[in-house]
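As you go down the protein sequences, you meet chains A and B in turn.
Numbered per this note's numbering, the first sequence spans residues 28 to 222.
Numbered per this note's numbering, the second sequence spans residues 1410 to 1727.
Since the hints were made in silico from the structure, they are not lab data.
All residues carry an ideal CB built from backbone N, CA and C; glycine is no exception.
Hints should not be assumed to be uniformly reliable.
Said to hold, decoys possible - Only some residues are given here: those of chain B computed to face chain A with a beta carbon under 7 Å: (1) His-1444; (2) Met-1445; (3) Ser-1447; (4) Arg-1448; (5) Leu-1449; (6) Val-1691; (7) Thr-1692.
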Amino acid sequence: MSVKELPGKGLARGLKVTFENLTRRAVTAQYPDVKPELPPRSRGVIALLEENCTVCMLCARECPCWCIYIDSHKETVPPSTPGGRERSHNVLDRFAIDFSLCMYCGICVEVCPFDALFWSPEFEYAATDIRDLTHEKDRLREWMWTVPPPPADDERAEPPKELAAAERAAARTSARSTRPDGVDRSEDVESPRES
Amino acid sequence: MVDVVDLALRTGCVFVAFLVLPLVVGQTEHKVMAHMQSRLGPMYAGGFHGWAQLVADGVKFAQKEDVVPANADRRVFQLAPVLALVPYLVALVAIPLAPGLVGVDLETGLFFVIAVMGVGVLGSLMGGWASANKYSLLGAFRAAGQLLAYELPFVLAAASVAMAAGTLSLSGIVEAWRPWWLLWQLPGLFVFFVAGLAELHRPPFDMPVADAEIIFGPYTEYTGIRFALFLLAEYAGIVVLSALTTVLFLGGWRGPFDEWLGWLWTLLKVFAVAFVVIWVRVTFPRFRADQLQRLAWQLLVPVALVQLALTGVVAVAL
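Bound-form chain A, shown alone (with noise of 0.2 Å):
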């Protein structure tokens, strides 16, 4: 403490700072009674559109902690024109996510090529039995009611990739077909891809 400050002076300082305290809202979250505010993107439970998944089994592949449990059999569909031939499928049986063994990495969410698994906020999924964290698939599918749309891009984000692709193929399109030579070349214009 310097020599020169005035005796008490730091107490006072104290007494400021409590004071102040007093005078500003608590930070308390109500939480039973006042749902909290998740930010956008919160992983709360994985939810499974069902008629998305083609029970490729890749999200249960990557899942660093085997908490997926898929069982599937094939069928086959009688071919739709005659003398066509079989179609076979595969039949989902079942799909589960133990909840008690997920480290809510979100791998599972990100490999589905199938847009078959989202991201739900809901959180209030607690059981009294460990066995009731394991969502079998009506369960999971009940959960795609929880998923909000997906949050709006930041103002100054970059555009989405394919948004970006398609503007480029559209500007150059653009630029050919107002060549002086008048001639029409939109035809051989590439598919809008990534290079």
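With chain A held as given, fit chain B onto it using these hints.
Relative to the frame of chain A, chain B by itself:
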């Protein structure tokens, strides 16, 4: 007959005040301390912002088992909480709320109140000694050492006011009080308040009960209703200290419209002082034993003596 009814009524009112005011102060502490720490404090008990929290606490304490340690000095152990609490009830009897609104208007009220408040520490001492627990004993000794150090400036500061007013009657002191005494008796007010905090073992002077090092000191072995009595004694102590500070230094019932609103002024001032007690508790960390003694002997006692001299000089000059 009228005298008996009058006495019964006054004692009843004092008793009710003794039961209600500490609870109000306790609830205020819950809420004020919480908000000073950016929390909300009790929110559920009673429905509206946890107003019934202390009632719920009381019910809980009453339900608990009343344990007396096997090696404890049984009678002393059981008597200690009562002895800690009753002095504050007795002290409250002599403190005037408004002209005529006092339990018993004693000619030597100040002397009586300070003498009775000194008894309170016996509760801690007895509890600490009878518990057969080394932490309790340590706490009791700390309490005794603290009381020895702080009783002197406490009494000196009170004596300064008595000298200024020329009377020991608490009502008389308020009658003689003038607003400029606030300035004249300011050092005395400071010494009285700080020494009073130390006598109540309120943070930052809570070395004797320091829960982090000697596990609540003399109260370690207490459970249930007896522990609740010790707690109640602490809050009753805050009420008595605030009331005494109000009466001695802040002019008691004096204020605008004090013919009708005197009691309100006293209560307002008491709660203002109680608020400061809570505020100080929230703000400052605990003193160490040597810091406690140094504060008492090197700051409070000299300031109190200077105040006494100042009071004497001004009183003679007037």
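So, against the hints stated earlier in the document, which numbers end up violated here? No numbers; nothing is violated.
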